[in-house]
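Heads up: the sequence shown begins at 1 in my numbering, then just goes up one per residue.
Hints were generated in silico from the structure; no laboratory data involved. Be aware that a few hints might be false.
Each computed DSS-like pair below joins lysine-lysine, with the alpha-carbon atoms no more than 27 Å apart [stated by the list, open to error]:
id	residue 1	residue 2
1	Lys114	Lys87
2	Lys225	Lys13
3	Lys225	Lys136
4	Lys225	Lys87
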Amino acid sequence: MNRINKKLAEDKKLLSIYFTAGYPKIEDTMPTLEALQQRGVDMVEIGLPFSDPLADGPTIQESSTHALKNGMTTVKLFEQLKNVREKIEIPLIIMGYFNPVLQYGVEAFCAKCKEVGIDGIILPDLPLAEYEAHYKAIFEENDLKFIFLITPQTSEERIREIDAASDAFIYMVSSASTTGGTGGFDAIQHDYFERIASLNLRNPQIVGFGIKDNDTFKAATKNAKGAIIGSAFIKHITAQGVDKIGDFVSKIR
Numbered sequence: 001m002n003r004i005n006k007k008l009a010e011d012k013k014l015l016s017i018y019f020t021a022g023y024p025k026i027e028d029t030m031p032t033l034e035a036l037q038q039r040g041v042d043m044v045e046i047g048l049p050f051s052d053p054l055a056d057g058p059t060i061q062e063s064s065t066h067a068l069k070n071g072m073t074t075v076k077l078f079e080q081l082k083n084v085r086e087k088i089e090i091p092l093i094i095m096g097y098f099n100p101v102l103q104y105g106v107e108a109f110c111a112k113c114k115e116v117g118i119d120g121i122i123l124p125d126l127p128l129a130e131y132e133a134h135y136k137a138i139f140e141e142n143d144l145k146f147i148f149l150i151t152p153q154t155s156e157e158r159i160r161e162i163d164a165a166s167d168a169f170i171y172m173v174s175s176a177s178t179t180g181g182t183g184g185f186d187a188i189q190h191d192y193f194e195r196i197a198s199l200n201l202r203n204p205q206i207v208g209f210g211i212k213d214n215d216t217f218k219a220a221t222k223n224a225k226g227a228i229i230g231s232a233f234i235k236h237i238t239a240q241g242v243d244k245i246g247d248f249v250s251k252i253r
């Protein structure tokens, strides 16, 4: 069984952390993964930096720009992850954009993910129809779960299509904005969380965008299986460095 499915089967609310590979320093990727696992994080999204992101807010954009200037590339990331499964047991997901994957070669990219032990992929700019028509078989051959995003504006018909095409979890974007919201959740977002929960989807949902502390983690996971924190974590390691990762995680739950 894929590590993501095993983790989703656990009777707990899941904490997933997103960080940008090669940030703050290019060799920080593995130390960050080790620290997150040691502090009990359930799942990690490794951001593959890209120069023209669609969904990233200023904090993650800046970390990506910094990582690219550090020299981070797709090839470099796979080099860093070469022996990752000797130390890391939790599910690992690569989150990025389709252009770098296409440049690397989709089949080669997926094969490399399988070789190093990646469990899932998030590519917000690869539409469901394109995925199913051209790439689904490649991902499945390499036991890679493809994670789709939904937003408050996604229609129920579309959500059910995504649910039918998924075999892990649905990434539930908390608001129609980029990453890094800091104002907590309002009544509209709470209604959205409850509406999605009432659909009784086949796949669990994990909420992302706007989770930054214990309060927002609890609110996001009231009706969902877990939550993803990205920008708040990036801000923490920007200010404190990877040596203080434990301080951040201990305040979330």
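Each hint, compared with the structure:
1. Lys114 - Lys87: holds, 16 Å
2. Lys225 - Lys13: holds, 5 Å
3. Lys225 - Lys136: OK: lysine 225 and lysine 136 at ~25 Å, within 27 Å.
4. Lys225 - Lys87: Holds. Lysine 225 to lysine 87 sits at ~26 Å (cutoff 27 Å).
Every hint from the earlier list agrees with this structure, and none is contradicted.
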